[in-house]
Amino acid sequence: MKSLRKVFEVPAVLTLIHYRVVLILVATVLLSVSFVPGLTEFRTLSLSLDRAATLGLVAVGLTVVLLLGKLDLSVGSILALSGIAAIALQPQLGQFGAAAAGVLVGLLAGILNGFLVVVLQINSLVATLASMIFLRALCHFLTDSNPISGNDPLFGLAVSRALGGSFSLRTFIFLLAIILLFLWLTYTVSGRHTYAVGSNEDAATASGIRSGAYVFGAFVFSGLMSGIAGVMQSLATNTGSPVFGSTIALTAIAAVVIGGTRLEGGRGSALGTLGGVLVLAAITTTLEYESVASYYQNIVTGTILLILILLDRIASDSPRSALSLSSLLPTRAQKRSPAP
Amino acid sequence: MTSTSTVPPRATDEKRANKLLGGVALPVGILGLLIVGSLLSEQFLTTRNLTNVVINMSIVGIIVVGMTFVFIVRGLADLSVPAMVGIGALLALGLQPALGSVLAALVGVLAASLAGLINGLLIGYARLNPVITTLATGTIVLGVAQAAVGGVIVYGNDPELQAFLTGRLIGVPVIVLIFLAVALGGHLLLSRTTFGRWVYATGSNPEAARASAIPLQFTKGAAFWMTATLSGFSGVLLGLTLQTARPGVGAGYEFDAITAVVVGGVSLLGGFGSMPRALGGLLLVTLLSNIMVLNGIPTESQGLVMGSLIAAAVALDVYLRRRGGAS
Chain A
1 MKSLRKVFEV
11 PAVLTLIHYR
21 VVLILVATVL
31 LSVSFVPGLT
41 EFRTLSLSLD
51 RAATLGLVAV
61 GLTVVLLLGK
71 LDLSVGSILA
81 LSGIAAIALQ
91 PQLGQFGAAA
101 AGVLVGLLAG
111 ILNGFLVVVL
121 QINSLVATLA
131 SMIFLRALCH
141 FLTDSNPISG
151 NDPLFGLAVS
161 RALGGSFSLR
171 TFIFLLAIIL
181 LFLWLTYTVS
191 GRHTYAVGSN
201 EDAATASGIR
211 SGAYVFGAFV
221 FSGLMSGIAG
231 VMQSLATNTG
241 SPVFGSTIAL
251 TAIAAVVIGG
261 TRLEGGRGSA
271 LGTLGGVLVL
281 AAITTTLEYE
291 SVASYYQNIV
301 TGTILLILIL
311 LDRIASDSPR
321 SALSLSSLLP
331 TRAQKRSPAP
Chain B
341 MTSTSTVPPR
351 ATDEKRANKL
361 LGGVALPVGI
371 LGLLIVGSLL
381 SEQFLTTRNL
391 TNVVINMSIV
401 GIIVVGMTFV
411 FIVRGLADLS
421 VPAMVGIGAL
431 LALGLQPALG
441 SVLAALVGVL
451 AASLAGLING
461 LLIGYARLNP
471 VITTLATGTI
481 VLGVAQAAVG
491 GVIVYGNDPE
501 LQAFLTGRLI
511 GVPVIVLIFL
521 AVALGGHLLL
531 SRTTFGRWVY
541 ATGSNPEAAR
551 ASAIPLQFTK
561 GAAFWMTATL
571 SGFSGVLLGL
581 TLQTARPGVG
591 AGYEFDAITA
601 VVVGGVSLLG
611 GFGSMPRALG
621 GLLLVTLLSN
631 IMVLNGIPTE
641 SQGLVMGSLI
651 AAAVALDVYL
661 RRRGGAS
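Chains A and B are the protein sequences, given in the same order.
Under the working numbering, think of the first position of the first sequence as 1, with each following residue one higher.
Under the working numbering, think of the first position of the second sequence as 341, with each following residue one higher.
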């Protein structure tokens, strides 16, 4: 055990752990390329990316929530509800109007989450569990548990069709979201404040940051992203279904965590999330091409996730990294202790 | 730490009043539901319907017993429950031809228990985040269980055992007796033993608990190990009573269990709650669901009420704590 600890104190190893997302991404992509012939062809690549875009958009929203040390389980329900709105309102509002309404539904659901977590002070795990159950039931209630179809199947094709031989619209939106999130988190004051709130909410509040507003904003952002993802998913398939996205929350959380964002908050990045989404996309593409049963895919994904969080723990326990700023701040467990 | 009471001695009158309100809300809610239910439907207050309610409670109830420990020890929640239920049900039925019913059931529970041991080691000793850890182990365990039986629906072939489990012993359904035994065991463990006091101490103030030489890591790990084992056991019972199991059989059980515990007023922040409270929450949720079914509200839409109930219950809890707390 001692010698194992020593290994993790070597700077090179720590650097490797720090950039583990890149490492694991390169590894999975190399594996994918060797298994799937023609993956490097642009068309295949574009298709794989298109399929990952929905997950990616949800993951972008979750990145901010997780950065703040919160959790959002309701993204899948929001995705389904927005999609249903975007399809069901087409006769009344027209296709573009309904799509906008769907995005608005996502935004409103995010506001609901923000209200529960910030105003009512409910723990985000339970609060978003409640809204997850509520919104999912709303989807079933509105549709009588049956999928609904839009009036023009050709309208939504633009979302998933490659634009001018390049990527599809939703891939572009996903990549744009990643870039904007990266720029915001890295180069703006409010971006840096987000990290501060995530590391230690009380300390951030004490330094004059309105922590509550950041948390509220994060849930609204997450709702908005899930809304956009849901609208595009429903347009692409011309279907609004109450069961859409029922497992996407856990997969998206996995993608964000594989990307190096910590559930305890205060650490993570937009590019990491991009890496996490690409890793999962590469695994899916490869295993599907090899027609490996989906449960083996679960075993692989779960194991990668487990190894990464374990490495993260070992790395942050080593004395060398104890010098980093984040480890000097109190942990969540200490912070949560009841008032004296 | 010799007292089993969770109320610090500095409790003020206002605090006591709040505690009273918090403690009374649940029985009043259950009583109210019994009244409303009997007004809305003639079938509600019949022995047959109420027996059904209790039978419906039993499978989730066994999981709730474990989840209560996880909540009080401040372990957030165990999201690997569906996988443990799944592996229990799949192995108990899938291995029946090879091992016989009893041994297969035992293997099912043991497999979940082993996975729970991994949960416990990772969360208790390696101090990983419970949410992401149980998410990962759950994904792996369910994958392994599916691979073990070939990823298909499994059927059992032991109608005798099924008849025994769905039958009655001294007038009470056997499955309810099993649940009551587990609940009583969990209650005694939590309220009467040293381990139970460790659970409260670890959840309410980890620093003080560490200073009092309480084995924090063991206590936290044990809570997760117990939850996984009980979920596996629950899965085995579910499989044996239905004599059929698909991999997704446990889906939603983690949220059902969390809902019950939360509605019972057991705090996610740890250190507070009890087995009767959690099971009271479960009874309330099950009664509510039963009333809605009797009045023709489909299960899928019941979440509108359940979701609101969870939010309201926790908001009330937070409000009472803040008003009664020192802040």
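To be clear, the hints were calculated from the coordinates, so they are not data collected in a lab.
Any given hint might turn out to be false.
Claimed, not checked - Some chain B residues close to chain A (C-beta under 10 angstroms, calculated; not the full set):
{"#": "1", "residue": "L419"}
{"#": "2", "residue": "V481"}
{"#": "3", "residue": "L482"}
{"#": "4", "residue": "L524"}
{"#": "5", "residue": "L528"}
{"#": "6", "residue": "L608"}
{"#": "7", "residue": "S648"}
Said to hold, decoys possible - What follows is a list of derived Cβ distance ranges for each label pair:
{"#": "8", "chain 1": "A", "residue 1": "D202", "chain 2": "B", "residue 2": "L454", "range": "57 to 67 angstroms"}
{"#": "9", "chain 1": "B", "residue 1": "L379", "chain 2": "A", "residue 2": "L93", "range": "35 to 45 angstroms"}
{"#": "10", "chain 1": "A", "residue 1": "L104", "chain 2": "B", "residue 2": "P555", "range": "31 to 41 angstroms"}
{"#": "11", "chain 1": "B", "residue 1": "L454", "chain 2": "A", "residue 2": "L104", "range": "40 to 50 angstroms"}
{"#": "12", "chain 1": "A", "residue 1": "S166", "chain 2": "B", "residue 2": "P555", "range": "51 to 61 angstroms"}
{"#": "13", "chain 1": "B", "residue 1": "E547", "chain 2": "A", "residue 2": "P11", "range": "31 to 41 angstroms"}
{"#": "14", "chain 1": "B", "residue 1": "T639", "chain 2": "A", "residue 2": "W184", "range": "39 to 49 angstroms"}
{"#": "15", "chain 1": "A", "residue 1": "P11", "chain 2": "B", "residue 2": "R467", "range": "16 to 26 angstroms"}
{"#": "16", "chain 1": "A", "residue 1": "L93", "chain 2": "B", "residue 2": "L524", "range": "53 to 63 angstroms"}
As the list claims (entries may be wrong) - Partner residues aside, some chain A positions facing chain B, computed with beta carbon under 7 angstroms:
{"#": "17", "residue": "L107"}
{"#": "18", "residue": "I111"}
{"#": "19", "residue": "V257"}
{"#": "20", "residue": "R267"}
{"#": "21", "residue": "A293"}
Everything numeric in this text was worked out from a predicted model, so none of it was measured.
Ideal Cβ placement from N, Cα and C applies to all residues, glycine included.
Should the interface hint for I111(A) be scored as holding, given a Cβ-Cβ cut-off of 7 angstroms against chain B? Since chain B brings no Cβ nearer than about 14 angstroms to I111(A), farther than 7 angstroms, the hint is violated.
Per the hint of 39 to 49 angstroms, is the separation of the Cβ atoms of T639(B) and W184(A) within bounds? 42 angstroms, holds
Quick one: are L379(B) and L93(A) within 35 to 45 angstroms, going by C-beta? 42 angstroms, holds
Confirm or reject the claim that L93(A) and L524(B) have a C-beta distance inside 53 to 63 angstroms. 58 angstroms, holds
When the nearest CB of chain A is found for S648(B), is that gap smaller than 10 angstroms? 6 angstroms, holds
With respect to the beta-carbon atoms only, verify the hint that E547(B) and P11(A) lie 31 to 41 angstroms apart. 32 angstroms, holds
Is the hint on L482(B) kept, meaning its closest Cβ partner in chain A is under 10 angstroms away? Status holds, d = 6 angstroms.
Any CB of chain A closer than 10 angstroms to the CB of L608(B)? Since the shortest Cβ distance to chain A is 5 angstroms, the answer is holds.
With chain A as the partner, please determine if L419(B) meets the hint condition of a C-beta pair closer than 10 angstroms. 8 angstroms, holds
Taking the least C-beta to C-beta distance, is L528(B) closer than 10 angstroms to chain A? Constraint on L528(B) not satisfied, violated at 26 angstroms.
Evaluation of the interface hint that places A293(A) against chain B, nearest CB under 7 angstroms: 5 angstroms, holds
Minimum Cβ distance from L524(B) to chain A below 10 angstroms? Violated - the Cβ of L524(B) stays beyond 10 angstroms from chain A, reaching only about 27 angstroms at its closest.
Checked against the numbered hints given earlier, the structure breaks hints 4, 5, 8, 10, 17, 18, 20 and satisfies all the rest.
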